[in-house]
Each structure stands twice: as C-alpha cells, then as structure tokens.
Amino acid sequence: MNIALIAAVVLVLTGLGYVLGRRGAHSSVSGEVRVLHSLPSYHGLYLALWVGLPGLALLIVWPIVAGELIPAMVATTLPVELRAQAPYLVDILLSDIRNLAHGGIVGREVDAVIQRAADYHASLERLSRIWLAVAVVAIGAASFLWRRHRIAPELRARNAVERAARVLLVACSTIAVFITLGIVLSLIFEAVRFFGLVPLGDFLFGLTWSPQTAIRTDQVGSSGAFGAVPLVAGTLLITTIAMLIAAPVGLTSAIYMSEYASPSLRRIAKPLMEVLAGIPTVVYGFFAALTIAPFLRDTGSIVGLNVASESALAAGLVMGIMIIPFVSSLSDDVMNAVPQSLRDGALALGATRSETIIQVVIPAALPGIVGAVLLAVSRAIGETMIVVMAAGLAANLTANPFAAVTTMTVQMVTLLVGDQEFDSAKTLAAFALGLLLLTITLGLNILALKIVQRYREKYD
Amino acid sequence: MTEAASGRALILSAGARARLRRRHAAERRFRLYGLAAILVAIAMLVLLLASIVVRGHSAFFQTEIGLDIHFDAQLIDPGGTGAADDISRADFATLVRVALMRRFADVTERRDVRRLLGVVSRGASFDLRAMVLEDSTLIGTTRRVWVPASDRVESVRKGRVDRDIAEADRGISDREIAWIDGLEADGLVRTVFNWRFLASGDSREPELAGVGGAMIGSFLTMLVTLLVAFPLGVCTALYLQEFAPRNRWTDLIEVNINNLAAVPSIVFGLLGLAVFLNVMEMPRSAPIVGGLTLALMTLPTIIIAARLAIGAVPPSLREAALALGASPLQTAIHHVLPVAMPGVLTGAIIGMARALGETAPLLMIGMVAFIVDIPTSISDPSTVLPVQIYIWADSPERGFAEKTSAAIIVLLLFLIAMNGLAIYLRGRFERRW
Amino acid sequence: MSVVAEHFEARGPATEPSPKMETRALDVFYGAKQALYSIDLSIRENEVTALIGPSGCGKSTYLRCLNRMNDTIPECRVSGEVSLDGANIYDINVDVVEVRARVGMVFQKPNPFPKSIYDNIAYGPRIHGVGWTREQLDEIVQRSLVRAGLWEEVRDRLDEPGTGLSGGQQQRLCIARAIAVNPEVILMDEPCSALDPIATARIEELIDELKVNYTIVIVTHSMQQAARVSQRAAFFHLGVLVECDDTPTMFTNPSDKRTQDYVTGRFG
Numbered sequence: 001m002n003i004a005l006i007a008a009v010v011l012v013l014t015g016l017g018y019v020l021g022r023r024g025a026h027s028s029v030s031g032e033v034r035v036l037h038s039l040p041s042y043h044g045l046y047l048a049l050w051v052g053l054p055g056l057a058l059l060i061v062w063p064i065v066a067g068e069l070i071p072a073m074v075a076t077t078l079p080v081e082l083r084a085q086a087p088y089l090v091d092i093l094l095s096d097i098r099n100l101a102h103g104g105i106v107g108r109e110v111d112a113v114i115q116r117a118a119d120y121h122a123s124l125e126r127l128s129r130i131w132l133a134v135a136v137v138a139i140g141a142a143s144f145l146w147r148r149h150r151i152a153p154e155l156r157a158r159n160a161v162e163r164a165a166r167v168l169l170v171a172c173s174t175i176a177v178f179i180t181l182g183i184v185l186s187l188i189f190e191a192v193r194f195f196g197l198v199p200l201g202d203f204l205f206g207l208t209w210s211p212q213t214a215i216r217t218d219q220v221g222s223s224g225a226f227g228a229v230p231l232v233a234g235t236l237l238i239t240t241i242a243m244l245i246a247a248p249v250g251l252t253s254a255i256y257m258s259e260y261a262s263p264s265l266r267r268i269a270k271p272l273m274e275v276l277a278g279i280p281t282v283v284y285g286f287f288a289a290l291t292i293a294p295f296l297r298d299t300g301s302i303v304g305l306n307v308a309s310e311s312a313l314a315a316g317l318v319m320g321i322m323i324i325p326f327v328s329s330l331s332d333d334v335m336n337a338v339p340q341s342l343r344d345g346a347l348a349l350g351a352t353r354s355e356t357i358i359q360v361v362i363p364a365a366l367p368g369i370v371g372a373v374l375l376a377v378s379r380a381i382g383e384t385m386i387v388v389m390a391a392g393l394a395a396n397l398t399a400n401p402f403a404a405v406t407t408m409t410v411q412m413v414t415l416l417v418g419d420q421e422f423d424s425a426k427t428l429a430a431f432a433l434g435l436l437l438l439t440i441t442l443g444l445n446i447l448a449l450k451i452v453q454r455y456r457e458k459y460d
Numbered sequence: 001m002t003e004a005a006s007g008r009a010l011i012l013s014a015g016a017r018a019r020l021r022r023r024h025a026a027e028r029r030f031r032l033y034g035l036a037a038i039l040v041a042i043a044m045l046v047l048l049l050a051s052i053v054v055r056g057h058s059a060f061f062q063t064e065i066g067l068d069i070h071f072d073a074q075l076i077d078p079g080g081t082g083a084a085d086d087i088s089r090a091d092f093a094t095l096v097r098v099a100l101m102r103r104f105a106d107v108t109e110r111r112d113v114r115r116l117l118g119v120v121s122r123g124a125s126f127d128l129r130a131m132v133l134e135d136s137t138l139i140g141t142t143r144r145v146w147v148p149a150s151d152r153v154e155s156v157r158k159g160r161v162d163r164d165i166a167e168a169d170r171g172i173s174d175r176e177i178a179w180i181d182g183l184e185a186d187g188l189v190r191t192v193f194n195w196r197f198l199a200s201g202d203s204r205e206p207e208l209a210g211v212g213g214a215m216i217g218s219f220l221t222m223l224v225t226l227l228v229a230f231p232l233g234v235c236t237a238l239y240l241q242e243f244a245p246r247n248r249w250t251d252l253i254e255v256n257i258n259n260l261a262a263v264p265s266i267v268f269g270l271l272g273l274a275v276f277l278n279v280m281e282m283p284r285s286a287p288i289v290g291g292l293t294l295a296l297m298t299l300p301t302i303i304i305a306a307r308l309a310i311g312a313v314p315p316s317l318r319e320a321a322l323a324l325g326a327s328p329l330q331t332a333i334h335h336v337l338p339v340a341m342p343g344v345l346t347g348a349i350i351g352m353a354r355a356l357g358e359t360a361p362l363l364m365i366g367m368v369a370f371i372v373d374i375p376t377s378i379s380d381p382s383t384v385l386p387v388q389i390y391i392w393a394d395s396p397e398r399g400f401a402e403k404t405s406a407a408i409i410v411l412l413l414f415l416i417a418m419n420g421l422a423i424y425l426r427g428r429f430e431r432r433w
Numbered sequence: 001m002s003v004v005a006e007h008f009e010a011r012g013p014a015t016e017p018s019p020k021m022e023t024r025a026l027d028v029f030y031g032a033k034q035a036l037y038s039i040d041l042s043i044r045e046n047e048v049t050a051l052i053g054p055s056g057c058g059k060s061t062y063l064r065c066l067n068r069m070n071d072t073i074p075e076c077r078v079s080g081e082v083s084l085d086g087a088n089i090y091d092i093n094v095d096v097v098e099v100r101a102r103v104g105m106v107f108q109k110p111n112p113f114p115k116s117i118y119d120n121i122a123y124g125p126r127i128h129g130v131g132w133t134r135e136q137l138d139e140i141v142q143r144s145l146v147r148a149g150l151w152e153e154v155r156d157r158l159d160e161p162g163t164g165l166s167g168g169q170q171q172r173l174c175i176a177r178a179i180a181v182n183p184e185v186i187l188m189d190e191p192c193s194a195l196d197p198i199a200t201a202r203i204e205e206l207i208d209e210l211k212v213n214y215t216i217v218i219v220t221h222s223m224q225q226a227a228r229v230s231q232r233a234a235f236f237h238l239g240v241l242v243e244c245d246d247t248p249t250m251f252t253n254p255s256d257k258r259t260q261d262y263v264t265g266r267f268g
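The listed protein sequences correspond, in order, to chains A, B and C.
Just so you know, we're using the numbering used here here: the first sequence kicks off at 1 and counts up by one.
Just so you know, we're using the numbering used here here: the second sequence kicks off at 1 and counts up by one.
Just so you know, we're using the numbering used here here: the third sequence kicks off at 1 and counts up by one.
Do not take every clue at face value.
Chain A regions said to be covered by chain B (calculated; three or more residues, Cβ under 8 Å) [as the list claims (entries may be wrong)]:
| hint | stretch |
| --- | --- |
| 1 | 176 to 189 |
| 2 | 196 to 206 |
| 3 | 271 to 278 |
| 4 | 404 to 414 |
By construction, these hints were calculated from the structure, which means they are not laboratory data.
Please read these numbers as outputs of a predicted model, since none were measured by experiment.
We put the beta carbon where it would ideally sit given N, CA and C, even for glycine.
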C-alpha cells in the first residue's frame with residue numbers, strides 16, 4: 001500500500017465515475033440523446049470530476065499533514081533527555097529516525113530506543129496510508145452517491161464541466177506568476193540571510209572578493225571578504241569585449257542579408273546563423289578553453305604580450321561569437337519593419353543604397369537596434385558556461401583584456417558546486433550574487449523595452 | 001542620336017564626377033563589410049565545428065588487443081561450485097597478467113612488468129568476468145579474447161604521442177612503444193567501433209568512459225521537462241489567447257512571462273536549489289529535479305510560441321464554430337488547437353532542444369557528481385550530456401579531451417535531429433488547408 | 001417516422017405571417033460610438049427578409065445581434081430587446097449556445113472547417129446531440145447536402161477536406177452545415193459577395209427553396225439581389241432603420257425619400 005497504488009485507486013474511481021455518469025445519462029432519456037441538455041460524455045465528466053477531485057485533493061494534502069504529524073507523535077515517545085535537546089538536534093534525530101524507518105543508513109549509533117522509535121514511525125506511516133486509502137474510497141463513493149441523482153436531462157453538465165476546465169486553465173496561467181514570485185522570494189530570502197552576515201555596503205562596494213568562511217561553527221568570525229565590485233568589473237570587461245565583436249558583425253551582417261544578399265546566399269547564410277545560435281554554451285566554453293585560449297596565449301608570447309591562459313579576451317571573443325546571431329536576427333527584424341516608402345524616397349533622390357541605409361534606415365530603426373544591443377548585453381551578462389570554462393577564478397579588478405578575471409556567474413557556480421552546508425555565508429553569497437544578476441538583467445530588459453516603445457512612435 | 005541629345009547626356013563638373021566615384025567606392029566598401037561580417041561569422045562556425053570533429057572523431061574507435069587467455073579453473077572457481085557469487089569474486093586481472101607475461105616472456109623487472117600490465121585497460125578483467133558469468137563452459141579453456149587497450153596505447157595509436165621527441169619528454173618509454181609495435185606486427189591489435197562509448201557510464205579510465213549514462217540521464221530529464229512544461233504551457237497559452245479578459249491581472253501574467261523568458265538560466269538553477277532541494281527535499285542530482293528546473297525555464301518559451309501559433313489561426317474559423325452553437329471551450333479545443341498544433345509542437349521542440357543543451361542550472365542542483373551507474377528511474381542520481389561534457393573538459397588526461405569532443409559530437413547530433421524534426425513538422429503542416 | 005425525419009419536418013410553411021423574430025428599441029454601441037439607433041423590426045416566419053443599405057450603415061451589426069455573435073466583440077454593447085418566438089434572447093437566463101442552435105449563420109467569406117466534408121456537416125449535430133449513431137449522422141449529412149443542393153456533386157467524396165471545394169461549393173457547404181443543426185432562422189451576411197455570378201445564381205435559387213422550411217434574413221449590398229430573392233426588405237441608413245416594407249413596394253414606391261434615393265442609385 002504505497003502512494004502510487006492509492007493514486008491508481010483514485011484514477012480507477014474517476015474512470016468508473018465517468019463510465020457510470022455517461023451510462024446514467026443515456027438511460028435517463030432511454031437513448032434519446034438530443035433531449036439531454038449536454039452530451040452524455042459531459043455527464044460522465046461531471047461525475048468523474050466530482051469523484052476524482054476530492055480524492056486528488058486528499059492525495060496531496062494528507063501526506064503533507066502526515067509528514068508533520070508523524071514525527072511529532074514519534075517525538076512524544078522519546079525519552080525526556082532526547083527531547084530536551086536544542087531544536088535543530090531534535091530535528092536531526094527525527095530525520096535519522098525517518099531514514100532508519102525507510103531502511104536507510106544513519107550516521108549514528110542505533111540503540112534500542114532509536115530502533116523502537118523507528119519501528120513506531122514505520123507503523124504510523126503504514127496506518128496513515130491505510131486510512132488514506134479508506135478515505136479516498138469513502139469520499140469517492142459518497143460523492144458518487146450524492147451526485148449521481150443529478151444526472152438528468154436538464155442537468156447542465158457541459159456548463160459545469162466547462163467551468164471546471166476554465167478554472168484549470170486560469171490556474172495554469174497563474175503558475176507563471178508563481179514562478180516569478182518563487183524566484184524573487186527565494187533569492188530575496190536567502191540574500192537577506194546573507195546580508196545578515198555580510199553588510200550590504202560591503203557587498204556592493206567592497207573591492208575584494210575572497211570568499212573564505214569559518215569551517216567550524218564556533219570559529220570566531222570569518223576571514224573572508226565579499227566585495228562584489230571585482231566581479232561586476234570582470235563581467236563588464238568580458239561583456240564589453242563580446243559586444244565589440246557581436247554588435248558590428250551582427251549589425252553589418254543583418255544589413256547585408258536584408259538589403260544586398262541574393263536569395264540563394266540568404267538561403268544558406270540564415271540557417272547557418274541559426275546554427276550558430278543553437279550551439280550549446282558548454283560547447284562554446286570548451287572551444288574557448290581548448291582552442292582559443294591557448295592560441296591567444298601562444299600568439300601573445302610570440303608578439304611579446306603576457307596573455308594569461310584564462311584571459312578575458314578568450315572568453316569575451318567566444319562570447320561575442322555566440323551573441324552574433326542574436327544581434328543579427330533582432331536587427332534584421334527591426335530593419336524590416338522600416339517601411340519601404342522611406343527607402344524609396346531616399347533612392348528617388350539619387351542616394352546610393354549604402355547612403356540610404358546609413359542615413360535613413362538605420363536612424364529610423366535606431367531605437368530597435370539599441371534595444372537589441374541592450375538585450376544582447378543582458379544575455380552576455382547572464383551567460384555562465386563560457387566564462388566558467390574559459391575565464392578565471394580569482395577576482396581581479398582590472399581593465400586589461402589579457403588578464404584573467406572572474407565574473408558573477410562563475411562565482412555563483414564555484415560557491416555552490418561542492419559540499420557546503422546550505423547556511424554558510426559562502427553558499428548564501430551565491431544567492432546574493434543571483435539577486436544582483438537578476439536585478440541587472442531585468443533592469444536592462446525593461447530599459448530596452450522602454451526605449452523601443454518610447455521612440456517607436458516617431459517613425460510610424 | 002543627334003548631337004544635341006548626346007550633348008545633353010549628364011554634364012557633370014569634374015568635381016561632381018569625382019564625388020560620385022567616391023560615393024560608389026564607399027558603396028562597394030560597405031557591401032564588402034557586410035559580406036565580410038557574414039563570412040567571419042560562418043568561418044567561426046566552421047572553425048568551431050571542425051576543431052570539435054577533428055579532436056573527437058577518433059573517440060568513436062577503440063583499440064583492442066588480442067590476448068590468449070587461459071580461463072584457469074583453479075583461479076576462477078577453486079571450489080568447483082560454479083556459483084555465480086564465487087566466480088564474481090575471482091581475480092580476473094591475474095588471467096590478463098598471465099597472458100601478457102606469456103607473450104612477453106622477456107619482461108622480468110618489476111617496473112617493466114607494471115608497465116607491461118599498463119598496456120591493457122583495467123576494464124579487461126571486468127570483461128572477462130562478464131564473459132565467464134554468461135558462459136561457464138569457458139572455464140578451463142584457452143581462447144583468444146579481444147580486450148580494450150589502455151589509454152596509453154590508444155594515445156600512441158591515435159597519434160597523440162610524438163615518436164620523434166626524446167623518451168624523457170614523451171611520457172611513454174621506447175620499450176612500451178616496442179611492445180605495441182610488436183603486438184601490431186603479430187596482428188594482435190585491432191581497431192573497432194567504440195560501442196562502449198555509447199553504452200557505458202562514466203569512468204576514471206578514459207578508455208572505459210562513455211556517454212551512455214549521460215544520454216539516459218538526459219533522456220529522463222527531458223521526459224520530465226516535457227511532461228511538465230508542455231501541458232502547462234499549452235493551457236496557459238490557450239487561456240491567454242482565447243479566454244482571458246483584458247484586465248490588469250492578465251497584463252501582469254503577460255509581463256511576467258516575457259520577463260521570465262529573459263532571466264539568465266543560472267537563476268533558475270538557484271530557484272531549483274532553494275525550492276526543490278531545500279524546501280521540498282527532493283533527491284539531489286536526480287532527473288526529476290533537473291527536469292522540473294528545466295521545465296520552469298522552458299515554460300515561457302513554450303507559452304510564447306504557442307500563443308503565436310494560436311493567434312495565427314484565422315478568426316473566421318472561430319466564428320464558424322461559434323455560429324453553429326459551439327461553446328468557446330469547444331471551439332478552442334475542437335477547432336483552434338488542432339489547427340495551431342503544428343506551430344505549438346515546433347515551438348515546443350525548439351524549446352526542448354535548448355533545454356537539452358543547458359548546463360548551468362543543472363550544475364546548481366548538483367547534477368555534477370561522478371556517476372558510474374546508468375540511471376534507471378527519475379529519482380536515481382544521474383548526469384546529463386552537457387554536464388558530462390563540462391566534467392570531462394576539466395580532466396587533464398589527453399584521452400578525456402578526445403572523449404569530450406566526441407560527447408559534444410553526440411550532443412550536436414541530437415540537437416540536429418530535434419531541430420530537423422521541428423523544421424520537417426513546420427514544412428509538412430504549413431497551410432495544409 | 002425516424003427521429004431525424006421528425007427533426008427535419010417539424011416545421012412546414014406557416015399559415016399566416018407571424019413575427020418569428022422581433023427587435024424592439026435595439027441600440028448597439030461600439031465603445032462610445034453608437035452604431036444602431038433604436039431599431040424596431042419584425043422578421044416574419046418562412047420569409048426572406050433582406051437588409052439593404054450603403055456600406056457602414058449597420059446591417060451586419062444588426063444581423064449579428066440576432067444570434068448574439070456580437071457577444072464575441074468585447075467593446076460591443078447591446079441594449080433593447082431581441083426576441084425569438086416572443087422570448088428575449090438577451091435575457092440573463094438564456095444560454096447563448098441554445099440561441100445559436102436555433103438561429104444559424106452563413107458568413108460572407110466561406111469558412112469551412114479544415115476537416116472532411118462529412119465532418120464539417122456532422123460537427124453541429126454531434127455537439128448538440130442531434131445525431132448520435134453513425135446511421136443518424138449519415139442521414140443528417142445527406143439531407144443537409146441535398147437541401148443545400150450539393151449532394152450530387154460531393155456524394156462520393158465525403159471524406160475529402162471541405163477546403164478543397166470551389167468557392168461556390170464551399171459556401172453551399174457552409175449553408176448545409178448551418179442546416180444540419182436544424183435552425184429555425186438562417187442569417188446570411190452577404191453570402192454571395194465572394195462568389196462569381198453563376199455560383200451566386202445557384203445560391204439565390206437555394207435561398208428560394210430554403211424559405212419553405214426556414215426563416216431567412218439576408219444582408220446584401222446588391223439591390224438586384226434583394227429584389228430577386230426577398231419578400232420583405234428593410235433599408236438601413238447611418239444606423240437607423242429608415243423603412244421596412246414588402247419588396248415590390250420598396251423598390252417601386254418607397255415612402256421615404258432616402259429609400260428612394262438609394263434604390264434609384266443616387267448614392268450607395
């Protein structure tokens with residue numbers, strides 16, 4: 001008797017409700033279907049929903065409630081000295097008991113008391129599941145008996161079912177809002193805990209990033225510095241290099257493809273650009289680390305420059321390549337939206353095509369192009385894998401593209417990949433960085449949107 | 001043409017003509033820049049793909065060494081019971097050593113012996129064990145068995161070792177090379193297609209490591225993502241396009257979806273960490289957590305694509321259905337959705353393709369462990385293909401560089417297949433009516 | 001008599017003209033702009049009533065009120081009474097689905113579903129439970145196609161998509177589809193404006209046959225068509241019902257000067 005089995009029971013009951021409802025509708029009019037207000041299948045769905053939804057609700061709510069109640073009940077059977085410990089120690093004890101009851105291994109010595117508690121836990125769980133099964137069947141049957149008398153020709157079953165379906169659709173739509181809420185709340189929650197350990201001012205304006213924390217909980221103070229400025233600077237450096245490549249190349253290629261390219265060239269080049277956009281970033285990162293970075297380092301040593309093997313240039317170069325299709329397709333859309341009449345006017349005056357583009361089309365499309373560039377910047381700032389694999393780990397406040405720098409996203413990964421306790425300042429710092437990152441990228445997106453909206457009227 | 005007419009053909013001053021020439025030159029330069037930009041982009045693409053393929057294609061072939069193995073009954077099954085447990089515990093590595101020592105009888109010094117054993121992969125003993133467990137009649141016989149060669153041998157055969165540089169700088173001794181050449185001369189070395197790469201999970205030994213585990217892990221994760229994001233996305237899109245009134249609440253939902261589509265993927269990883277792992281205490285590194293996290297990330301993409309497809313359905317279709325007395329819900333489900341489905345599916349496939357290549361969010365939820373076993377359910381610890389690539393990219397052995405590139409080739413092939421499917425669907429169902 | 005036959009032969013020609021549908025003080029607003037001003041109009045049973053008038057005068061808007069299709073336009077607001085057999089269809093308790101099952105509509109541009117011919121026609125009866133078994137549906141499909149004058153042309157290709165027919169055939173398919181639900185009233189919004197003259201002639205013949213069993217309201221911008229097809233005509237101008245009378249009278253001896261000007265081609 002486990003949850004999956006009970007879920008199957010709910011499913012079977014629902015199916016039964018559907019079949020009986022449909023048959024009931026048929027028999028209530030002796031087969032004359034058109035006398036019914038709603039088709040028999042709707043009557044079936046009506047009963048099925050009435051039987052199945054309460055069961056589903058129980059399936060979801062019961063285990064949660066049991067999950068709280070059962071440990072509490074087990075705790076009451078424990079001897080006083082175990083119960084009197086600090087709350088978090090009690091929690092650990094209870095979770096160990098739970099693991100033991102499920103047949104897992106625990107990292108403590110199992111004596112008779114604990115074994116007894118585990119057995120009790122297991123028996124409580126069994127009992128709870130049996131009661132759940134009984135409740136599900138009972139409520140399904142009760143619901144069925146209560147509602148089956150409503151199956152009649154006049155029953156507006158279709159309306160009831162459609163109302164329920166609408167509720168489902170609305171619920172689905174609100175999930176999007178919940179996701180945003182979830183992101184924002186979880187980030188803020190953990191970040192606030194971080195700022196309890198490290199002051200906000202130190203984080204935002206500190207110039208040193210060296211995230212060491214106490215290893216033992218009773219160690220006095222941490223010797224770490226959590227200043228985010230070098231990270232932001234590193235991010236900006238790499239982003240700037242990337243945009244210096246992506247913006248000109250992306251824009252000019254978009255211009256050529258929309259204004260000059262022959263259809264055959266467009267047929268080949270456009271899909272190839274889309275391929276460039278579809279390559280996973282981890283592949284770009286690998287390319288950056290294994291091909292570009294050594295090449296730059298070796299070329300640099302030939303020329304006499306000291307290029308680090310994890311230089312910002314390597315990461316920025318490859319990131320730029322990745323963003324080219326992004327800028328290109330957005331600019332292409334924007335320039336296509338400029339009405340042909342503007343171009344015709346310029347050409348009719350005797351301007352060459354390049355003059356038309358540079359002096360008429362691009363100024364008309366400028367808000368859109370600026371918006372596209374901002375969106376590309378936002379994408380570059382949030383990019384992770386290329387920098388994780390090609391950029392460095394040490395925070396370095398510099399504007400030298402040949403030096404190794406680190407970014408916010410790299411640090412987020414480094415802080416969390418590993419066996420840290422969830423509460424230490426190190427792991428919480430990752431959430432603070434996440435909040436900073438989210439603020440910056442969303443800010444850029446909103447700015448891009450505003451620019452496009454505000455200045456678009458002028459040329460319509 | 002009369003003289004007068006020809007005289008009237010554009011009379012320009014010398015200065016004007018020079019300006020015109022300059023303008024045309026500028027035009028030509030401009031065109032050149034545009035073309036150059038496209039060519040640069042394509043060249044980078046070609047460079048990227050070429051470097052990956054060059055580096056990785058050799059990983060699809062494995063070197064095997066033919067050894068005459070005597071399946072010594074004394075070693076394998078001393079008690080004569082034939083029990084599987086006893087046989088499993090036998091020391092099959094000794095069988096390999098005996099065979100090698102017999103072939104190279106002149107090797108006696110301990111250090112040389114160790115090097116000699118290093119010619120064959122550690123996985124050879126596992127292969128032998130599997131063979132005996134499957135077919136116990138092998139015990140007592142002597143057979144020629146093809147076992148995988150070690151990474152060192154592969155390095156030599158695949159040309160990663162430069163024979164011309166001095167022995168001290170090379171990393172592989174002359175003697176080892178002599179052995180390998182000797183085996184080759186005797187026809188005891190062959191190259192086969194590396195099925196092991198596609199079937200087995202990760203391993204510390206480069207020659208045994210495979211993407212099989214990662215592929216299954218990716219498949220399971222994608223399954224969870226699809227099952228969660230597709231229904232949710234389509235329902236949301238249907239509601240927003242067909243039923244939602246225009247009020248502040250629906251505007252809020254729309255703004256939310258557009259913003260979510262622009263959030264960096266790593267932030268979704270943080271969300272997954274905080275909610276799924278911390279609050280809901282799901283198993284770390286399992287496809288169900290990875291799938292849910294990626295579903296959250298893919299949801300806005302699917303919603304936006306589905307809305308476009310649903311919105312493209314002409315209103316006359318809806319009017320016809322409504323005029324017959326269909327309810328709005330019936331109209332949406334019986335008429336609008338089937339017509340919009342190709343576009344919805346295309347958008348979903350493209351979204352899933354993007355999710356397949358995602359790494360950062362999965363790193364956050366812990367799918368970065370060293371997983372050897374192939375996962376069998378959505379709650380087994382596993383890894384996914386892009387994360388496997390990331391893990392291997394960090395490994396210093398030369399063998400792993402080749403494997404990483406090969407894994408990238410596998411990943412790209414999957415992506416090509418998915419995008420190809422999307423394009424095929426788009427073309428096939430485009431305006432069938 | 002079979003269920004289906006009963007279904008189709010329930011209504012015969014009326015003995016005396018009684019208003020099948022009636023509008024009283026009907027006002028329609030699009031946002032703040034008023035499109036129809038206090039329309040009082042009776043539609044008689046088993047007659048063809050033509051709504052005529054220049055473009056933008058509100059004929060289509062009026063037509064769409066009769067089966068509450070204006071409900072689908074968010075900014076549209078309707079006040080006044082529209083009754084079917086004496087009952088107001090805009091009453092709160094009325095289910096709009098039922099209204100549309102009794103008052104069908106054919107649109108200006110043919111809009112067959114991207115399904116087979118059979119499924120196009122069977123869809124309405126299926127959702128209203130009028131046809132249940134395969135035999136019942138077959139019968140309904142055949143009768144509807146026969147009544148719409150399309151049966152001979154498509155009887156062997158009922159499984160082919162409805163969108164594969166010619167324009168005229170598609171419009172007849174849409175008429176057959178509307179008939180299959182067995183409405184009492186059929187509304188037609190310029191049904192021939194997208195068709196060539198020969199197809200138009202066929203549809204006009206069809207309308208003449210249909211009026212025996214159904215009440216028809218047709219919007220047309222062609223006065224000749226109105227003269228050929230209808231028994232009563234209502235002239236709309238700038239959202240106001242100017243005149244409504246028997247068709248011959250309307251065209252030969254109209255009471256209002258505006259009607260006179262329109263009918264003689266002075267404007268429109």
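Requested in this report: Check whether three or more residues of the stretch 271 to 278 of chain A sit with their beta carbon closer than 8 Å to a beta carbon of chain B.
Outcome: It holds, with 5 qualifying residues against the three required.
Report task. Test coverage of the stretch 404 to 414 of chain A by chain B using CB-CB distances below 8 Å; three residues minimum. Result -> Coverage by chain B holds here, the residue count being 3 at a Cβ distance below 8 Å.
Query raised in the report: With a Cβ-Cβ cutoff of 8 Å, does the stretch 176 to 189 of chain A contain at least three residues near chain B?
Result: holds (count 9)
Report task. Report holds or violated for chain B covering the stretch 196 to 206 of chain A, Cβ cut-off 8 Å, minimum 3 residues. Result -> violated (count 0)
Hint 2 alone, counting from the list given before, is not met by this structure.
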